[in-house]
Amino acid sequence: MSQKALVEFKDLHTEFYTEAGVVKAVSGVSFQIRPGETVCVVGESGSGKSVTALSLMRLLANNAKIVKGEIIFDGRDVLKLKPHEMRRLRGNEIGMIFQEPMTSLNPVLTVGEQIMEPIIEHRMFSKREARKYAIELIEMVGIPRAHEIVDAYPHELSGGMRQRIMIAIALSCEPKLIIADEPTTALDVTIQAQILDLLRKLKSEKNVALMLITHDLGVVAEMADYVVVMYGGRVVEEGKVMEVFKNPRHPYTEGLLKAKPIIGERKERLYTIPGQVPSPLNLPLYCHFADRCPYVMPVCKEQYPDTFIDADGHKVACWLHAEGARA
Amino acid sequence: MTQYIIRRLIESIPTIIGASIIIFLVFTMAPGDFISAQFGMDSKMTQEKKEELRELYGLNKPLPERYAIWMGEIVKGNFGESYLYKKPVTDVINTFVWNSFILSATVLVLQWMAAALVGIVAAIKQYTLYDQLVTLFVFLAMSLPSFFLGLLLLKLFAVDYRIFPLGGMSSTGIPHEGWAYIKDVMWHMALPVITLTMLSIGGLTRYFRTSMLEVIRQDYVRTAYAKGLKDHVVIFKHALRNALLPLITLFALELPGLFSGAIITERIFNWPGIGKVTLDAIFQRDYPLVMGFTLFISVLTILGNILADVLYGVADPRVRHR
Amino acid sequence: MTVQPEALKSSGQNSKMRSKKVDSPWRSAFRRLLKNKFAITAFIVLIFMFLFSFVGPYFSPYKDAKISVRDQYKPPSAEHWLGTDQLGRDVVLRLMEAGQISLLVGLAATGIIVLIGVTVGLLAGFYGGWIDTILMRFADIMYAIPTLPLLITFGAILSDLKFPPDQRIYLIMFVIGVISWMGLSRLVRSQILSLKEQEFMLATEALGLSDRRKIFSHLLPNVVPIIIVSGTLGVAGAILLESSLSFLGLGVIPPTPSWGQMLSSANNMIDFAKRPWLWIPPGVAILITVVSINVIGDGLRDALDPKMKR
Chain G
1 MSQKALVEFK DLHTEFYTEA GVVKAVSGVS FQIRPGETVC VVGESGSGKS VTALSLMRLL
61 ANNAKIVKGE IIFDGRDVLK LKPHEMRRLR GNEIGMIFQE PMTSLNPVLT VGEQIMEPII
121 EHRMFSKREA RKYAIELIEM VGIPRAHEIV DAYPHELSGG MRQRIMIAIA LSCEPKLIIA
181 DEPTTALDVT IQAQILDLLR KLKSEKNVAL MLITHDLGVV AEMADYVVVM YGGRVVEEGK
241 VMEVFKNPRH PYTEGLLKAK PIIGERKERL YTIPGQVPSP LNLPLYCHFA DRCPYVMPVC
301 KEQYPDTFID ADGHKVACWL HAEGARA
Chain F
1 MTQYIIRRLI ESIPTIIGAS IIIFLVFTMA PGDFISAQFG MDSKMTQEKK EELRELYGLN
61 KPLPERYAIW MGEIVKGNFG ESYLYKKPVT DVINTFVWNS FILSATVLVL QWMAAALVGI
121 VAAIKQYTLY DQLVTLFVFL AMSLPSFFLG LLLLKLFAVD YRIFPLGGMS STGIPHEGWA
181 YIKDVMWHMA LPVITLTMLS IGGLTRYFRT SMLEVIRQDY VRTAYAKGLK DHVVIFKHAL
241 RNALLPLITL FALELPGLFS GAIITERIFN WPGIGKVTLD AIFQRDYPLV MGFTLFISVL
301 TILGNILADV LYGVADPRVR HR
Chain W
1 MTVQPEALKS SGQNSKMRSK KVDSPWRSAF RRLLKNKFAI TAFIVLIFMF LFSFVGPYFS
61 PYKDAKISVR DQYKPPSAEH WLGTDQLGRD VVLRLMEAGQ ISLLVGLAAT GIIVLIGVTV
121 GLLAGFYGGW IDTILMRFAD IMYAIPTLPL LITFGAILSD LKFPPDQRIY LIMFVIGVIS
181 WMGLSRLVRS QILSLKEQEF MLATEALGLS DRRKIFSHLL PNVVPIIIVS GTLGVAGAIL
241 LESSLSFLGL GVIPPTPSWG QMLSSANNMI DFAKRPWLWI PPGVAILITV VSINVIGDGL
301 RDALDPKMKR
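Protein chains in written order, with full-length UniProt numbering: chain G, 1 to 327; chain F, 1 to 322; chain W, 1 to 310.
Mixed in with the good hints, there may be bad ones.
Unchecked claim - PhoX-like cross-link-like pairs, simulated, lysine-lysine; straight-line CA separation at most 25 Å:
#1 G:K258 / G:K240
#2 G:K127 / F:K237
#3 G:K176 / F:K230
#4 G:K82 / F:K86
#5 F:K86 / F:K76
#6 W:K74 / F:K125
#7 G:K206 / G:K127
#8 G:K4 / G:K132
#9 F:K76 / F:K61
#10 G:K80 / G:K203
#11 W:K35 / F:K125
#12 G:K132 / G:K240
#13 F:K230 / G:K132
#14 G:K68 / G:K132
#15 G:K132 / F:K61
#16 F:K49 / F:K61
#17 G:K258 / G:K4
#18 F:K230 / G:K127
#19 G:K82 / F:K61
#20 G:K68 / G:K80
#21 G:K10 / G:K240
#22 F:K50 / G:K65
#23 G:K82 / F:K49
#24 G:K240 / G:K260
#25 F:K86 / G:K80
#26 W:K35 / F:K155
#27 G:K80 / F:K76
#28 G:K260 / G:K246
#29 G:K206 / G:K246
#30 G:K65 / F:K230
#31 W:K35 / F:K50
#32 G:K203 / G:K176
#33 F:K155 / W:K162
#34 G:K65 / G:K80
#35 G:K127 / G:K4
The hints are simulated quantities; they were obtained by calculation from the structure and are not laboratory data.
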């Protein structure tokens, strides 16, 4: 807590206006990312973790609106920036890696061209310098024959290579923060490990903060300093990774950890959390997890829980941890 | 690539032969020929004289023989002689096709520029009032009969307000050279160009809009925004380049139209193009001319198809490297 | 949409799972169509044009009027809203009668387009091999030959043969159909080809169904949306083609009226310059009808193909 936060989400509310009604994708999310830190945002699909990241980049769809809250990045409120100031942030101070390497690169431009673009845009490199630097970047992300690859088109590369190119693009302007939205979900298992290793290595070399969005607790265990667990558009638990893994305080986190297979342990069958993720179209006013929670109490169905903090800074939004509740 | 083009050209030969057979059959099976169209009312022409003339023009031989003769000459570059103009068909086409060409080429340029601009903006501003007005305009333009639009413009701008001439390609009494002549031709071109552009712009605008909308929601466009690129770079470099791919095909398919003339518009504005000549030739049963011209356009259409695929291959790296 | 938020995807799935009554594709397409204000307006306009043409004459005070040269070329007035023509006939009534022919020609020609186009597309796509090669090569050939010279020549031939005007319209319908089916056949064929790759077709193979059964109960229903959309747009195209041909005096010829034939009065310089009531109303009628049909066709495409929904 000593260091000043690089990113701070303060009570963020983001809504989508669809034919079916208003979708409250994110409602009241607050957490921080400190410089050089890796924060994993965990949750099932539909929990609002990608929308949180895209709100920071202000890359939401046209039918989405940030209705309330602040996002402070490096001392500035991102939501109040003018479009051209926002552009200076994107790609320059914040790099972003997406889930689908197959579709995230432009099929009609060479990868070199695509890496060079932000460098020329933000760093005012000449084309020649940018190309030289692009080749260095391709080498840096571990692709051999960088001199040839620079002129290749995305369809000539494998999924893993394309994701490495995306990493090169994200790192090209030496940003303070990288957002990686499920960067390995679409890849084969062996490639997943390589990409994560690369991210971890580059992150420590460049001392850049990483906001890693994932639904995979294995990834969290391997990468995270700090974990934010999201459910139904809200943060239900956050804390240091060891804390959360050893001592999960929210029943949802507990369920997630139980559901994860552990090597060397054979169970009759894996645990699954009963019930379904609630529809974001009509979220209850009380705890979103109450309908699936094994420890549900009357108060859980009356009011959304407050956030409780313990001595280690481990936060949880659950009535179980209120004064006088069952220990 | 060269191999591919050669293969496609060879494959197109049966199609061309098929088209030539159908064209030949349609026009030779047609009752009424040039002789009866020219001299049918002429009481001085006896039946025998007509037969003599038919013999002279080779109109009384069996069909397969006539086809073989016609085709054999065409392969040698001889499309026969126009009855009406008493000149080789190729000369007649060559004389008039360029008048059509300057009309069509102007229209092609205007149409693509305007459609691109209007369609792209409509896609970016989807669901706004502008977009809806464009959609409405597109439907109107797509649904106008060419002759009605032409007639309306002619009535308004040439009859009621005499801003533009009633028709033709140039004023009489003006020397056919120099700036004055070019300006005069442009003045005569205005109404037919507006008519043809209005007619063709609707569908194309729609293609641009749809293609752009499809591309704008792709992941790589989001990536481009995430890199902090300027809006116009994202739209024109990242989105438009992809949106243009399917349109390249359309462009290549329109190229034969540069030479085919616009039969109805040319007739209304009395433009001395190949379309009007074809129409007159049909009325006068000048079948060698009509057959030659129809086959010429058929071949161009087939070549346009091949060109469309080749251009697509050049433009899309995913196809190019295969 | 620039971004596909996960929240939306899952919300869609959830709401689908939760809604008790599952809509059939046709029902949901119909509901989407009802939401399209453009298309609904166009539909009402089109119904009006049909009523105008087919029911309108019964309400015309001139329905039993004789030809009278005394009344010729009257400009629009209270008695004759759109004036009279060279035979003293009321232009409004003439417009109604012409509408009957234009609409009928459009519909019938489209019937022929659909019949040929779907048959060729189905056979080529389903059987493949040499049948496919021959049929599609034939479609290529027909596609390469320019339509208008061919159509005009047909019209000229009909004039040579001195066909009676009332029988002539049937031939016009037929000829327009015969030269316009290629686009639909290509669409149907490519749709059949992609359907054949799908699992349910493999299942029909495993069940040993007859070709007839496969085509009529499994393939044909799946191409019906394409047929509906193309057919609708085809009516618009056919009406335009007929009017062009009739304008040149080679389609529908007097005394049978059609909108295009009425417009051909503009070929006469005096009528064109001095008597616009003779040719502007039929032009507007064509425009309104064709716009409505195009808008409906477009609405149908959006409704029947949710993936293309914009």
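Given the proposed pairing of K4 (chain G) with K132 (chain G), does the C-alpha separation stay at or below 25 Å?
Judged against 25 Å, a Cα distance of about 36 Å means the pair is violated.
Regarding the pair K68 (chain G) and K80 (chain G), is the alpha-carbon distance no greater than 25 Å?
holds, 12 Å
Given the proposed pairing of K206 (chain G) with K127 (chain G), does the C-alpha separation stay at or below 25 Å?
Within the cut-off at roughly 24 Å; holds.
Would you check the hint for K10 (chain G) and K240 (chain G), treating anything up to 25 Å between C-alpha atoms as holding?
holds, 19 Å
Taken at face value, is the distance from the CA of K80 (chain G) to the CA of K65 (chain G) at most 25 Å?
holds, 14 Å
Proposed proximity, K4 (chain G) with K258 (chain G) (alpha carbon, max 25 Å)
violated, 34 Å
Given the hinted pair K65 (chain G) and K230 (chain F), is their alpha-carbon gap at most 25 Å?
Within the cut-off at roughly 22 Å; holds.
What's the verdict on K82 (chain G) and K61 (chain F), does the C-alpha distance respect the 25 Å limit or exceed it?
violated, 82 Å
Is it true that the CA of K258 (chain G) sits at most 25 Å from the CA of K240 (chain G)?
Given that 25 Å is the threshold and the Cα spacing comes to 19 Å, the pair holds.
Need the status of pair K80 (chain G), K203 (chain G): alpha-carbon distance at most 25 Å?
violated, 29 Å
Could you grab the alpha-carbon distance between K260 (chain G) and K246 (chain G) and see if it respects the 25 Å cut-off?
holds, 14 Å
Against the 25 Å threshold, does the CA-CA distance of K86 (chain F) and K76 (chain F) hold or violate the hint?
Holds, because 20 Å separates the two Cα atoms, which is no more than 25 Å.
The structure fails to meet hints 4, 6, 8, 10, 12, 14, 15, 17, 19, 22, 23, 25, 26, 27, 29, 31, 33 and 35 from the earlier list, while all remaining hints are met.
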